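Knowing the structure of chain A, use the given hints to seat chain B on it.
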Amino acid sequence: MPSRGAKGDMLTRVLSGDPPGDRSLTVLLLVVAAGLLLAPFILPGVRTLNVAANICVFVVLVASYDLLLGYTGIVSFAHTMFFGLGGYGVAIALTKLGPGWGAVLLGAAAALIASVVLALLIGLFSLRVKAIFFAMITLAVASAFAILASQLSWLTGGEDGLTYQVPRLLQRGFRPFGEEGIGAVITGRTIAYYVVFFAAAALFLFLLRVVNSPFGRVLLSIRENAFRAEALGYRTVIYRTVANCIAAAVATLAGALLALWLGYNGPDTTLSFNIMIDVLLMVVIGGMGTLYGAVLGATVLIVAQNYLQDLMRTLSTAAAGVPLLANLVQPDRWLLWLGILFILSVYFFPFGIVGRLRMRRRHLSP
Amino acid sequence: MTTQTAHAPASENGNGRAALPRRDPWPLLLAPVLALAALPLIADPQTWATLTIAGLAMGMMIFLMASGLTLVFGLMDVLNFGHGAFISVGAFMATVVLGKLAVWSGAPEIVPNIAALLAAIAVAALVAGLLGWLFERVIIAPVYGQHLKQILVTMGGLIVAEQLLRVFFGPDQIPLARPAAFKGAFIIGAVAIEKYRIVAVVLGLIVFAAMQAVLRGSRLGLLIRAGVENREMVESLGYRIRRIFVLVFAAGSALAGLGGAMWGLYQETVTAGMGMEMMVSIFIVIIIGGLGSVGGCFLAALLVGLTANYAGFLAPKLALGCNILLMALILLWRPQGLYAVARREG
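Protein sequence lines correspond, in order, to chains A and B.
The opening position of the first sequence corresponds to residue 1 in the working numbering, with each subsequent residue numbered one higher.
The opening position of the second sequence corresponds to residue 1001 in the working numbering, with each subsequent residue numbered one higher.
So here's chain A without its partners, still in its complex pose (with noise of 0.2 Å):
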C-alpha cells in the first residue's frame, strides 16, 4: 500500500485493513452507512425508521453468519436460534423484570453464556465428524428449540410472543429536547435508534477485525483446505468451534437489539425458519465470504421486501382475472421469487454483489 495521510491510517484501523476494494463498492457502502446514520433525520417516518433499523440489525446478524458460511466454509442452520435467544433473554428479563438497563444487560449476558454453551456444545459435538453433518444437526437443533419455545408459553408467551416496556429512555413518550427537537423531534425512538445503530457499528466493526486477524486466516485456510490446514499443524475442529462460538456470540447481540428496538419478540420476529432463509439470501446476494456483502444483502434483501410486497400486490390486483398469473404474483408468494434468484445467484453469480464488484477492477487493473 501506498502511504497514506494519518487520517487515512486511522480509517484503515478502524476497518482492520480491509477496505472496501473497489471505487463503486465504496461509494455504495458509504451511501448505506451515511443512509443509516441519518435515518432518523432524512426518513423521518414510522415505517422508514423501523426498516432502518432492521437493516442495522440484520447487517450484524448476516455478518456473523457469513462468518460461518463464507469464512469457514460451514452451513449452519441454527443461527436464528442463536438470533432467537439473545431476542428471547432481553424480552424475558424485561417482562419479568419490568423496564430497566440492569434488565437488558441481564437478559442480554444471560443469552450470550446460553448461547455459547450451545454453540461450543453443537460444535464440539458435530463439527468433529464432517462438516456436512454440522448442516443436518443445527438443522434438527434449530427446530427442536423453535417448538420448545413455542410450547414454555409461560415463558415465552408461545406463539404470540412477548410484549414489554422498554426502559424509559427508549420509550416512544421520552422527549429530552421537549416537542420542537434538534431540526427534527427527537423522540425516545430516536435514541433507540442510535443505541441500535451504533451498537451494530461496533459488533461489525468487531467482526471485521476476527476476520482480518490471523485467526480469520487459518479460517480462510480451513475453507480452501482443511486437510492442508491441519497437516500444517492448525486444530482444525477447535477453530471451527471458536468461530461458531463468536458467530453465536454476535448473532445472540444482534437478536438482543433486535428485543430492544421492537419491544417485542416471538417466533416470527427471531426464532422463524424463515429468517434463516432471509439470512441465507442476503449472504449469498451481498456476497459470502466478505463481510461488506453482508451490509449489501440486508439492505438490497429489506427493502427489497419492504417495497417487493407492495409492488407484488399492485401486480396482483392487475392480473386479478387471470388464474394462475394472480397467485404467482400474490404477496405471499414473494419468497417464490427471491427463491428463484437465490438460485440464479448460487449458480452465476457465487460471490454476490460485492465479489461481482472487485472481480471487475482485477479484470481492469491486471
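Honestly, the hints are just simulated from the structure, not real lab data.
Take these hints with a grain of salt, some might be off.
Computed from the model, here is a short list of chain A residues facing chain B with C-beta under 8 Å [stated by the list, open to error]:
(1) 75
(2) 136
(3) 140
(4) 195
(5) 320
Every value quoted in this text rests on a predicted model; they were computed, and no experiment measured them.
Where is the CB? At the ideal position from N, CA and C, for every residue including glycine.
The following block gives chain B in isolation, referenced to the frame of chain A:
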C-alpha cells in the same frame, strides 16, 4: 479430494465389519431394547402396544422417505436438502388422485379401496420420481462436488418447490381422507390398533424387502452398493456411475413421494410445508443410520418412530428433543452412525 484419501482413520473405516451389516448384530437389538425400556415407563401395557404399533408405522413411513436420500448421499456425496419437496408433492398427488377416485375410495368393499390407495401412491411415486429426475438435471447437476453450493442450491430448490405448491394448490392445508376400509381400528383384546397403521407397516416392509432384493440380488444393486463404497473404482471399471446416480435419484424421489402420500394419509391433512417438517426427522434418521446405509436407515427410522411416539406420550413437549438426544447418544457410541459405510473421504 484425492489428497484426503489417506486421511480417513483406518481404525474407524477399515475393519470390514462396518460394510457388512449382517455380521454386526448390536444395532439390531436397539429397537427391541428401546421398546422394552419404555414398557415400565408407560406402565399400561395396552397403551404401550398401541404406541409401539404407531411407532413402527411411523418408522416405516420415515424409512420410505429417508431411504432415497441416504443412497443419493452415499452414491454421489450429494446432500439433497430439497428432498422434502418430493414428500409434499407425493402427498398432494394423493389428494388429487383420491379426489378423482372418490367413488372407489368411499366404496364399502375393500377391493376398490385398495385399488384407490395403490393408484394414489403409484401416481405419487411416479410424479415425484419424474420431478426428481428434473430436479437432478436442473438444480443439482451444475454443482457436483461442491458441498456448500449443493446445500444452498437444494435449499433454494426446496423453497421454490414449496412456494409453487402453494401457487397451484392454494396456501391452506388440504384434508385427505383415507379410503373407507382403512378408517377406524381393530380391537384385539383391549388394544386398539388403527387399520391404517397396519397398512403402513406392511407396505413399508414390502418396499424394504424389494429394495433389499434389488440392492443385494441384482447387478444394478451390486453396482449401486459398489458405487457407495468406492465411486472411483466403479468408474474406472468402465461403468457410468453418473447414469446409475440419476436412476437412484429418481427412484429415491419416487420413494419420497410414496412416503409422502402415505404420511399425508396418516395425518389426514396435507400442507406444502410438510416435507420441510419431515426433513428434520429424516436427517436424524440418516445420520443415526450411517450416511449411505439402507439397513442402518431402516433401523434408525424404527428407532426414531418409536422414540417419537413414546416421548410424545410421556413428555409431549420434548418429543423432537428426545430424537435429538437419541441421535447424540448413538453418535457418541458410533460417530459414523449405526452402520458406517466405508468411505473415501473423511
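Okay, the hints, checked on the actual structure:
no., hint, result
1, 75, "holds (5 Å)"
2, 136, "holds (4 Å)"
3, 140, "holds (5 Å)"
4, 195, "violated (34 Å)"
5, 320, "violated (15 Å)"
Hint check: violations occur at hints 4 and 5; the rest are consistent with the structure.
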